[in-house]
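A.B. asks: Chain residues, written in single-letter form:
Number of protein chains: 2
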Amino acid sequence: MKKNIIIGQSGGPTAVINGSLYGAVTKGLQHSESIGRVYGMINGIEGFLLGNYMDMSELADDDSLERLRVTPGAYLGSCRYKLPEDLGDPVYPQIFEKFQELDIEYFFYIGGNDSMDTVSKLSRYAKTVNSPLRVIGIPKTIDNDLIKTDHTPGFGSAAKYVATMVREMSLDVSGYKNTPSITIVEIMGRHAGWLTGASALARKHKNDNPLLIYLPETVFDIDTFFAQAKKALAITPNVLVCISEGIRDADGKFICEYSGATGTDTFGHKELAGAGKYLENLIRSKFGIKVRSVELNICQRCSSSCLSATDLQEAIQAGAFAVEAALAGETGKMVTFVRESDTPYALSFSLSDVNEICNAEKKVPLDWITPDGCDVTEAFLTYARPLIQGEEEVPHKDGLPDFIYR
Amino acid sequence: MKKNIIIGQSGGPTAVINGSLYGAVTKGLQHSESIGRVYGMINGIEGFLLGNYMDMSELADDDSLERLRVTPGAYLGSCRYKLPEDLGDPVYPQIFEKFQELDIEYFFYIGGNDSMDTVSKLSRYAKTVNSPLRVIGIPKTIDNDLIKTDHTPGFGSAAKYVATMVREMSLDVSGYKNTPSITIVEIMGRHAGWLTGASALARKHKNDNPLLIYLPETVFDIDTFFAQAKKALAITPNVLVCISEGIRDADGKFICEYSGATGTDTFGHKELAGAGKYLENLIRSKFGIKVRSVELNICQRCSSSCLSATDLQEAIQAGAFAVEAALAGETGKMVTFVRESDTPYALSFSLSDVNEICNAEKKVPLDWITPDGCDVTEAFLTYARPLIQGEEEVPHKDGLPDFIYR
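Protein chains in written order, with full-length UniProt numbering: chain A, 1 to 406; chain B, 1 to 406.
Calculated from the structure, these hints are not laboratory results.
Fair warning: there could be bad hints in the mix.
All copies of an identical chain are treated as equivalent in the list; a pair is satisfied when it fits inside any one copy or across any two copies.
[As the list claims (entries may be wrong)] Below 27 Å or equal to it, Euclidean Cα-Cα: the simulated DSS-like pairs (lysine-lysine) are:
id : residue 1 : residue 2
1  : K127      : K177
2  : K2        : K204
3  : K397      : K231
4  : K177      : K231
5  : K148      : K286
6  : K290      : K82
7  : K231      : K290
8  : K397      : K206
9  : K177      : K82
10 : K177      : K98
Work out the full structure, taking the sequences as your base and the hints as a guide.
C.D. replies: Put into structure tokens, the structure is as follows:
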């Protein structure tokens, strides 16, 4: 008898999270000999508990699936919901009852660390009750901080977005050679500097911006920063600095926490700003020159305008590989990427025990950061460059990207 | 005897300012029967005074001109330099001596309000000294605030960028239906709300975001805003609000001026944040829900990732039209756009007296803003929609846009 599939999305969205959904749905529909229906969870496991799901074959009638492939954001909706540690909690039989009602034997969860925690718990619970349910995690995070995998889907497109914007802003700020300036660009990644490091890809020639790059993996010292900024201003009048939102000082305190510590607006509300805004004010006082800060913010995770064809293709393949793995009997695993070579870039797919992945974080290796702490090494660039290759055309209608809406 | 051309760029860059440069250079090189050399001013009139210029034919040897066409930012470098009001100032003969040294009879300045002021002064000075110099302004500003022209080159691409990002962010924030949220997007345009209004183009269906749009042309009242935000939250749990950086209250005070009025960081430096950050903190205190603010910042003026083919084409045509006009004997004029029809969209080119343009500002007509002050009307959309049509492929190399560098 045919069994059914359900797929969910969880955590922060990326530009290619729907690519993985597309890959899993397409592969599931292909296996019509063994798979009956392909369901999608609405708003992850949290929404599923409330009875929210849809039949994904609805999208197969027209070009919807093709548009889903390049639509950013979580099409099925997302959640931030942590299952209880105690597998004896009544929520587990509730969830499994719903799986049974829908004859679901395969569950795929697309997400990062927290989502892999859900995969771990559900697969372990399945064993305790002898359920045939197989659970596979499909990695997703722009932060690129999952262990056991060379990189994660979503990182390549975010890295391409960051490098593109930094290159464009560098052209913008270089227009005023007669007016020295510092532009601080704040990039996502609170604990891991992968995305901030990717800004180095923007450089086109020697002494090109960004001249300074600060990752959260090393200590951010304000006096060292001032000295390095001064040196950079001697190289070019218009300096662009890239910082991770999570840079910290020697005491481990986030730089952004210094911001607005005593600041309140006229209504008495405490004002919080980011690390970039804080450094902007600080360096303006110190150097007395034009300073600006730019927070790339959520566009870096949700824009399809700089889709990496490599990233999208791998996201799709990860979804498809997960379905094949589950059909082959695997469970409690996450799809992982194995880099076979840098040049030419070659990748293969594998699986790793999700229990080892869910509570760990992969940071940028310290020897991929230069000794002065304000740049990444060639090894970092060799790692990151293949992941941003290739452009993907997003269908447009009436001048704007023609996304699919649920 | 053949005479020479010089072209300069001034003010803030746009995604298509080099499109106009490309148009003027290409047209100048075509007229080899009457034009000798085509020069470019480095860093505008300020750099030219220091003797900085280049021969643009250098770019004609390979694909450089083609890459220039889609390279954002001011390729020649920019300046913010105001010529003295007194035409008797010694700077005028200095400039004209340099024009004469290079046998320049045609000067084209690509820029906004302030650049048109330079065009005005130089053309008026030319008359006083019976110089044959002809000066023509080529409009450029993402703010779209020049009078006597239907719109300005640079606005269409910036509007397309704003609408695209707002559509993508709207997908992003709509992922969490179970968590009500407000996202405030701050858009450029201190005195004119054209770009902020363009965010309305992002809507795909009824009740789609952005649900609220505030332009600087109307009074921003905080209590009205709270009431409208509350109403919007009843329509959808994840509300996206677009505001102009220049929204002001009934007293004419910029909302961003309320920010950090009493705020200092731990080093005692005054912290300044934008209107979006200010409203973020305010509405978080008031509503107690998740609130985020996003400042689109300089990417909206310098990114080539959302180039409007219509905008780029018009920017090129404006540059070419300026050259033809000067050759036909015109001076002291700015190229203007005349909209012949909305559907099908049709445009023609004309000239207007630059003296009438240089110190005026075109704002969004009040009857293009809804009576409740939180949206634009269908008339606005009919005006803006044609300007974002068509996509332009930017050549890429090694995963990133392959721009040209001076």
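A.B. asks: All hints are to be evaluated individually against the structure, with a verdict given for each.
C.D. replies: Outcome of the hint check:
no.	hint	result
1	K127 - K177	neither (66 Å within a copy, 32 Å between copies)
2	K2 - K204	neither (55 Å within a copy, 38 Å between copies)
3	K397 - K231	neither (48 Å within a copy, 30 Å between copies)
4	K177 - K231	within (17 Å within a copy, 48 Å between copies)
5	K148 - K286	neither (44 Å within a copy, 44 Å between copies)
6	K290 - K82	between (45 Å within a copy, 19 Å between copies)
7	K231 - K290	within (16 Å within a copy, 41 Å between copies)
8	K397 - K206	between (40 Å within a copy, 17 Å between copies)
9	K177 - K82	between (52 Å within a copy, 17 Å between copies)
10	K177 - K98	between (64 Å within a copy, 21 Å between copies)
Of the hints listed earlier, those the structure fails to meet are numbers 1, 2, 3 and 5, in rising order.
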